[in-house]
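*Asks:* Protein chains in written order, with this note's numbering: chain V, 1 to 225; chain L, 226 to 375.
Since the hints were made in silico from the structure, they are not lab data. Backbone N, C-alpha and C fix where the C-beta goes; we use that ideal spot for every residue, glycine too.
Quick list of the computed label-pair ranges, beta carbon to beta carbon:
(1) L:Pro-323 - V:Ser-191: 28 to 36 Å
(2) L:Trp-272 - V:Glu-213: 29 to 37 Å
(3) V:Thr-195 - L:Pro-323: 24 to 32 Å
(4) L:Pro-323 - V:Ser-62: 44 to 52 Å
(5) V:Ser-191 - L:Glu-261: 19 to 27 Å
(6) L:Glu-261 - V:Gly-163: 43 to 51 Å
(7) V:Val-14 - L:Met-263: 19 to 27 Å
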Amino acid sequence: MKKDLYRVAGIAAVAIVALALGAAAYMRSQKAERAQQVAQQAAQNPKAKADGPPFIRPHSHSHGPMDAKVTVVEFLDPECESCRAMYPLVKHLLGQYEGKVRLVIRYMPLHPNSLMAASALEAAGAQGRYWEMLESLFTNQPQWGSHHAPKPELIPDYAQQLGLDMGAFRSLLNSAAHKTIVETDRTDGQSLGVTGTPTFFVNGRQLERLGYESLKALIDEELAK
Amino acid sequence: MSLHAPATEDAGSYAFAYAAWVIALLSTLGSLFFGEVMKLPPCTLCWYQRICLFPLSVLIAIGIVLRDRNLPVYTLPLAVGGLGISVYHNLLYYGVIPETLSPCTQGVSCSTRQIEWFGFITIPAMALLAFLGIIVSLVAHRNRQKRSLA
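Assemble the whole structure, with the sequences as input and the hints as a guide.
*Replies:* Okay, here's the thing in structure tokens:
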């Protein structure tokens, strides 16, 4: 019995260590592959860094000065809870670094009504109310974006509360143009290795660990350059 | 002395039990590697198979250490349950059952091919082989014990 215990413990320990080593090796190879891709992209297009595609597209909404030293690109989904949780923190950071940081929003639709929500954002943006709509969608997300009983039909109500021109809003909602925007963002995101939301890129460097502190640290690092 | 007296002190070899356990352990760790390291999202059917598989890597080990004669009683049901789900998953995956019957509507579709090594090693196929291997080993273990007790 004792012998069995040692044998079982030994085999389990060896297997777990092997898994850990394999995981470390796998992650190292992934990182090297990504670095190589980035280097290749940079070689093909020297201006590509944070300013050109695929990080930013002409249709992308942004907040902050165009010549800001640091550009934060956020791939988000209005229906994603973590994006909702992260938003006040991002807003706080933007306020803290007023004039030095620009935030660019990209879409990564991962939920049933992400497309409609993104379209509602774009439709509000056409009336110059993009950021208010984004805030409203996040605030009301538990109502319209509940995973058990989503009520996307509530989304126009939020536009109405903002006092938008509802005729113009409805004519744009779910339009083919918006679908193209969202699909472009999704494709760009996938080519950048975005698998979840929110995913942040600070001057093209991906935020590894999601959170206020690490995002702030990465921005500080880029500002100090 | 141990708190749990062994149910039997038979001299029957535990090699088959060890074989079942090693398969369960490697499958568990491999599945964790796919999910947590390679970040492949498990589909719904994969989750049910995991529910059957993961406890086996702990239960069989305890049964071995305690030399518990009842080991197959509480491990075979899990392994057989896992095999049933795995058979269904493979039928779905290889298109024998049409996708519309799939219970997976959200997240990853159960027939999405995420890994195809050498053209035939897929995750559902590996799961099927693992459950089969565990069941065969556990049954062989039980038979050998019965013979040694008789």
